[in-house]
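Visitor: Please arrange chain B on chain A, whose structure you already have, making use of the hints.
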Amino acid sequence: MEISEKVYMYFADLIKDRLGIEYPISDRYRLDARISTLIEHFNVDSADALHQIYIQNMTTEMETVLLDLATNNETSFFRDSKPFDFLTKIYIPHFVKGSPLGPLKIWSCACSTGQEPLSTIMTIKEGFPSLAGGFVKLDASDISSEALAKAKNGEYTQLEVQRGIPITLLVKYFDKVDDKDVWKVKNSIIKHIRHFSFNLLTGSYQSGNYNIIFCRNILIYQNKENKEKILNSLDKQLHQDGIIILGNGESLIGLKTPLQTINIDGFTIIAKESSEFWSDKENHTKLSA
Amino acid sequence: MRILIIDDSKFIGKMVGEMVSPKGHQFEHALDGKEALDLLEKDSKFDIILLDWNMPNLDGVGFLEEALEKKLHLCPIIMMTTENSPEKIMKAIGLGASEYIMKPFTPDILFGKIDQVTKRAS
Numbered sequence: 001m002e003i004s005e006k007v008y009m010y011f012a013d014l015i016k017d018r019l020g021i022e023y024p025i026s027d028r029y030r031l032d033a034r035i036s037t038l039i040e041h042f043n044v045d046s047a048d049a050l051h052q053i054y055i056q057n058m059t060t061e062m063e064t065v066l067l068d069l070a071t072n073n074e075t076s077f078f079r080d081s082k083p084f085d086f087l088t089k090i091y092i093p094h095f096v097k098g099s100p101l102g103p104l105k106i107w108s109c110a111c112s113t114g115q116e117p118l119s120t121i122m123t124i125k126e127g128f129p130s131l132a133g134g135f136v137k138l139d140a141s142d143i144s145s146e147a148l149a150k151a152k153n154g155e156y157t158q159l160e161v162q163r164g165i166p167i168t169l170l171v172k173y174f175d176k177v178d179d180k181d182v183w184k185v186k187n188s189i190i191k192h193i194r195h196f197s198f199n200l201l202t203g204s205y206q207s208g209n210y211n212i213i214f215c216r217n218i219l220i221y222q223n224k225e226n227k228e229k230i231l232n233s234l235d236k237q238l239h240q241d242g243i244i245i246l247g248n249g250e251s252l253i254g255l256k257t258p259l260q261t262i263n264i265d266g267f268t269i270i271a272k273e274s275s276e277f278w279s280d281k282e283n284h285t286k287l288s289a
Numbered sequence: 001m002r003i004l005i006i007d008d009s010k011f012i013g014k015m016v017g018e019m020v021s022p023k024g025h026q027f028e029h030a031l032d033g034k035e036a037l038d039l040l041e042k043d044s045k046f047d048i049i050l051l052d053w054n055m056p057n058l059d060g061v062g063f064l065e066e067a068l069e070k071k072l073h074l075c076p077i078i079m080m081t082t083e084n085s086p087e088k089i090m091k092a093i094g095l096g097a098s099e100y101i102m103k104p105f106t107p108d109i110l111f112g113k114i115d116q117v118t119k120r121a122s
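Top line first, the protein sequences correspond to chains A and B. Residue numbering for the first sequence follows our numbering, starting at 1 and increasing by one per position. Residue numbering for the second sequence follows our numbering, starting at 1 and increasing by one per position.
Mixed in with the good hints, there may be bad ones.
Stated by the list, open to error - Computed cross-link-like contacts, BS3-like style, restricted to lysine-lysine with a CA-CA straight-line distance of at most 30 Å:
{"hint": "1", "chain 1": "B", "residue 1": "Lys42", "chain 2": "B", "residue 2": "Lys14"}
{"hint": "2", "chain 1": "A", "residue 1": "Lys176", "chain 2": "B", "residue 2": "Lys103"}
{"hint": "3", "chain 1": "B", "residue 1": "Lys23", "chain 2": "B", "residue 2": "Lys119"}
{"hint": "4", "chain 1": "B", "residue 1": "Lys119", "chain 2": "A", "residue 2": "Lys82"}
{"hint": "5", "chain 1": "A", "residue 1": "Lys180", "chain 2": "B", "residue 2": "Lys14"}
{"hint": "6", "chain 1": "A", "residue 1": "Lys176", "chain 2": "B", "residue 2": "Lys119"}
{"hint": "7", "chain 1": "A", "residue 1": "Lys286", "chain 2": "B", "residue 2": "Lys119"}
{"hint": "8", "chain 1": "B", "residue 1": "Lys103", "chain 2": "A", "residue 2": "Lys172"}
{"hint": "9", "chain 1": "A", "residue 1": "Lys137", "chain 2": "A", "residue 2": "Lys152"}
{"hint": "10", "chain 1": "A", "residue 1": "Lys82", "chain 2": "B", "residue 2": "Lys103"}
Stated by the list, open to error - Cβ-Cβ distance ranges computed for the label pairs, FRET-style:
{"hint": "11", "chain 1": "A", "residue 1": "Asp265", "chain 2": "B", "residue 2": "Met15", "range": "13 to 23 Å"}
{"hint": "12", "chain 1": "B", "residue 1": "Gly94", "chain 2": "A", "residue 2": "Asn248", "range": "19 to 29 Å"}
{"hint": "13", "chain 1": "B", "residue 1": "His73", "chain 2": "A", "residue 2": "Asp265", "range": "26 to 36 Å"}
{"hint": "14", "chain 1": "A", "residue 1": "Asp181", "chain 2": "B", "residue 2": "Phe11", "range": "16 to 26 Å"}
Everything labelled a hint here was simulated from the structure, so no lab data went into it. Here the structure is a predicted model, which is why all the values come from computation and not from measurement. Here a beta-carbon is modelled for each residue, glycine too, at the ideal position from N, C-alpha and C.
Bound conformation, chain A alone (with noise of 0.2 Å):
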């Protein structure tokens, strides 16, 4: 299909504009794919018809539709397995020990279509049954709509669930849904989970206080500004002690924020700078032994 270069940056401007992701022209390809979806969807003849129902009449269903392609909703549970390992291992018997009463509050600020919150209780449940009684609250927002409520229905193909849950957690955790190849997460899981809307870079954010933020491959997708925008707005949701996860290959290199990286035992994460408790590196020591 061809896809004009005028017509290109209608929709890669479009995008940056709502979302702050860009598409820039020396790479083509990942908005095109995009674009092609979106004459399917919209069942137009090219991508100059498509672009003129847009600037003619735009519609929320239409903005919405693109917004939803324009994001990566590419996840699979337990995607990774060093973030996990870093809370199993590390992260949360220091916080067992060291604030007891709880509660445990944790964000996937971009959670798709929900793996990596149920795959986050599925391993405080696994490795902490106490805590997940009521002391764990884990909130999941997204920007996607369409991710959004796949993520809050907890229904995922038989491909999705083989994608890094063991199948003993799977069978623990999940109900096969009858004649289908469909596997729907357990109420006993899903329940310790808040869905909602939020878009990073516009939202009202709300006094977080969370321990764990997870934003794994969301910065990689925006420009120096947003994502200075983005830390330092999750910076004032974390807890004073709190930590941020980010995905493999981000990081705060070049980024005025008021925020520290921290390695313990090869795994990167990121506190405040204000925090004694991080800054303090023989604390860094303690949780590696």
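Guide: Leaving out everything else, chain B in the frame of chain A:
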């Protein structure tokens, strides 16, 4: 890594072989549980077994039961089958299977499961 595929479908054997060979893994293909047990008596140096459920002569569950009865200390076994009820999954796990792949599957699922069981075994 040496992988033993136990499946009565020559197509599955070929397909899985084509998935694992480019990663540098070697593989053997047995067409049922009995053929696999005969093979393992002569050569047990496999790192992973991929085991189908429904096969002639000796099916996957029969293979697991005989392996238990004969006290064969086998490498990690991953079931690879269309059987996908929780009851059947638990039965296979109870008989010693380490992981479970439900057909159809994609290469990333196969390698993800192999990765899971080898990490657990190490």
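Visitor: Next step is simple, just say for each hint if it's right about the structure.
Guide: Tested hints:
{"no.": "1", "hint": "B/Lys42 to B/Lys14", "in the structure": "23 Å, holds"}
{"no.": "2", "hint": "A/Lys176 to B/Lys103", "in the structure": "15 Å, holds"}
{"no.": "3", "hint": "B/Lys23 to B/Lys119", "in the structure": "17 Å, holds"}
{"no.": "4", "hint": "B/Lys119 to A/Lys82", "in the structure": "13 Å, holds"}
{"no.": "5", "hint": "A/Lys180 to B/Lys14", "in the structure": "28 Å, holds"}
{"no.": "6", "hint": "A/Lys176 to B/Lys119", "in the structure": "27 Å, holds"}
{"no.": "7", "hint": "A/Lys286 to B/Lys119", "in the structure": "26 Å, holds"}
{"no.": "8", "hint": "B/Lys103 to A/Lys172", "in the structure": "20 Å, holds"}
{"no.": "9", "hint": "A/Lys137 to A/Lys152", "in the structure": "16 Å, holds"}
{"no.": "10", "hint": "A/Lys82 to B/Lys103", "in the structure": "28 Å, holds"}
{"no.": "11", "hint": "A/Asp265 to B/Met15: 13 to 23 Å", "in the structure": "39 Å, violated"}
{"no.": "12", "hint": "B/Gly94 to A/Asn248: 19 to 29 Å", "in the structure": "37 Å, violated"}
{"no.": "13", "hint": "B/His73 to A/Asp265: 26 to 36 Å", "in the structure": "33 Å, holds"}
{"no.": "14", "hint": "A/Asp181 to B/Phe11: 16 to 26 Å", "in the structure": "20 Å, holds"}
The structure fails to meet hints 11 and 12 from the earlier list, while all remaining hints are met.
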